[in-house]
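Those protein sequences? They're chains F and X, same order as listed. Be aware that the first sequence starts at 1, since it is given in the numbering used here, and climbs by one per residue. Be aware that the second sequence starts at 1, since it is given in the numbering used here, and climbs by one per residue.
Don't read these hints as lab results, they were simulated from the structure. Be aware that one or more of the hints could be misleading.
[What the hints assert, rightly or not] Derived pair list, reagent style DSS-like, types lysine-lysine, alpha-carbon separation capped at 25 angstroms:
hint, chain 1, residue 1, chain 2, residue 2
1, F, 33, X, 369
2, F, 137, F, 92
3, F, 143, F, 33
4, X, 76, F, 143
5, F, 62, F, 137
6, F, 137, F, 83
7, X, 409, F, 143
8, X, 409, F, 137
9, F, 143, F, 98
10, F, 83, F, 143
11, F, 62, F, 83
12, F, 137, F, 33
[What the hints assert, rightly or not] Pulled a few chain F residues facing chain X out of the computed Cβ check, cut under 8 angstroms:
hint, residue
13, 4
14, 8
15, 12
16, 41
17, 42
18, 53
19, 54
20, 66
21, 68
22, 69
[To be verified] Residues on chain X that point at chain F, a partial pick, calculated with CB under 8 angstroms:
hint, residue
23, 232
24, 352
25, 364
Positions of the beta carbon are idealized from the N, C-alpha and C atoms, including for glycine.
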Amino acid sequence: MSSNLEDLYREVILDHYRSPRNRGELEVPPATKTDGFNPLCGDEVTVYLQVDPETDTIVDIKIQGQGCSISQASTSMMSAAVKGQSVDEARKLIRAFKALMSIHEHKLEGESDGSDLASDLEGVRLGDLEALQGVVKFPVRIKCATLSWNTLAQGLDERG
Amino acid sequence: MSSLDVERIRGDFPALQRVVNGRPVVFLDSAASAQKPESVLRAMDDIYRGSYANVHRGVYQMAEEATAAFENGRAKVASFIGAPSRDELIFVRNATEAINLVAYSWGRANLRAGDVVVVSHMEHHANVVPWQMLAAERGIELRWLPVTDDFRLDLTNLEATLDGARLLAITAMSNVLGTINDIRPLADAAHAHDALVLVDACQYVPHLRTDVAAWDADFVAFSAHKMLGPSGIGALWARRELLEAMPPFLGGGEMIRDVRLDGFTTNDLPWKFEAGTPAIVEAVGWGAAIDYLEALGMDAVRDHEERLTRYALDALTDRFPQINIYGPQDVSVRGGAISFLFDDIHAHDISQVLDQHAVCVRAGHHCAKPLMRQLGVPATSRASFYIYNTEAEVDALVVALAEAETFFKV
Ligand SMILES: Cc1ncc(COP(=O)(O)O)c(C=O)c1O
């Protein structure tokens with residue numbers, strides 16, 4: 001296995017891929033359900049969210065859908081990272097993760113020095129999620145990694 | 001023994017000499033688009049360097065040369081598919097545009113609310129969405145021919161499905177399953193119901209001798225880029241009476257006979273449907289691609305691909321008993337596009353590992369989402385073959401797949 005691939009498929013990614021966290025469904029309502037599609041490859045993900053309106057906290061999250069190891073692992077890590085967090089913290093995490101995925105691209109395109117993105121990353125602990133950084137070297141796979149995050153963001157926006 | 005001298009053929013393709021990730025490229029994605037031989041590149045280069053000018057109406061030598069070369073390209077394409085006349089061969093951008101031309105021009109002139117168009121579950125989006133657009137706009141009804149468990153067209157309810165239909169729009173070869181559909185009996189059945197027949201021949205023309213008259217088809221769509229020709233050009237062939245009765249598609253230069261303040265009259269066929277400056281150089285390149293294929297002989301091309309497909313199906317199922325192959329096992333009813341999937345490994349992950357081995361296959365829904373839903377999978381990997389592929393390349397695919405399998409083993 002070449003070092004390139006090992007960069008992409010870190011052990012923690014394969015672990016989340018093989019034993020994904022928070023798989024399942026929640027009853028709608030009270031939970032909300034949001035579908036995400038990756039039109040490039042046909043992958044689909046469904047995010048069930050249960051937010052406590054009193055505390056604005058994500059008390060439960062469940063995931064369904066199919067996808068490649070990158071999308072599955074990213075989804076699993078996301079669910080573990082936002083469960084128990086406030087909606088605000090979850091949004092910060094979404095911004096930070098998307099910054100992690102795009103910083104490299106922006107640098108390549110010479111659009112910016114990435115400083116705006118860097119501020120999104122500041123003070124946010126990504127933990128395991130940093131293992132997904134290798135994805136940026138494989139531009140077509142970035143969409144795999146961000147699918148569930150976009151779906152989560154949509155779910156949070158649509159809560160009304 | 002192959003019926004083609006593949007080593008010599010490979011030498012004609014500059015792109016096949018490439019090295020990727022330190023290994024010679026193994027190009028198994030010709031169903032998406034084929035590589036181009038030197039002769040096609042040279043023919044296009046020669047026109048640009050020596051005889052380039054806009055076509056038609058130029059009264060000087062270079063314009064006459066360019067026009068002759070362009071129209072010569074058309075004649076080659078028309079004769080390659082057995083078209084009775086080159087006037088029935090309309091140049092468009094690609095097969096997708098050809099089908100849209102029919103939906104837009106013939107469809108809007110002839111179809112009313114409630115009229116039925118029959119398609120199949122194995123169609124490419126190019127032969128689905130234009131009809132869905134007409135359904136949304138005009139209220140036409142779409143009916144679907146299903147696919148059997150052994151990946152063939154399910155004709156059990158053919159008669160009932162065609163009842164009252166105005167058009168059967170069907171692929172001659174599936175880009176996912178490889179399945180070849182026997183067009184003539186389908187055309188006979190459709191015509192018995194007074195329906196016309198549109199054939200999506202995008203995957204067929206590059207690989208098998210094509211005779212649109214023997215099919216008794218009414219419309220046939222295909223692209224140059226899948227048959228060694230350049231991207232940016234494709235063709236619609238249709239019967240003359242149909243083309244003459246159809247209103248024009250795009251309006252502008254070239255497609256008119258006369259324009260006055262109060263209106264216009266259309267040009268003769270085929271130019272009636274070719275508004276604006278056409279893909280001049282691409283038509284010449286396409287002609288050169290056809291010369292290349294005809295020098296090999298389409299029977300030899302088919303024979304080579306049938307053998308290689310047999311070899312690949314056997315190699316894959318022998319080495320990986322658990323592999324799912326979506327397509328017929330009988331190579332006499334299929335082409336060289338092989339879709340496959342391992343139960344627990346996503347097609348994207350397979351492709352990523354294969355890329356490290358410089359093995360190029362496609363992963364995804366292959367623009368056939370209705371079919372993928374029927375198959376119950378989000379995506380497959382697809383290896384596809386052409387005249388320049390070898391058994392050694394199939395072996396390289398197998399080695400790379402074995403590594404992917406080990407890596408992702410649950
Ligand atoms: C069966 C089939 N139909 C239509 C198309 C569309 O061809 P194009 O993209 O050249 O318009 C393709 C190409 O993938 C195809 O395989």
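Notebook entry, point to check: Honestly, which of those hints from before does the structure not fit?
Noted result: Violated: hints 4, 5, 6, 12, 15, 18, 19, 23.
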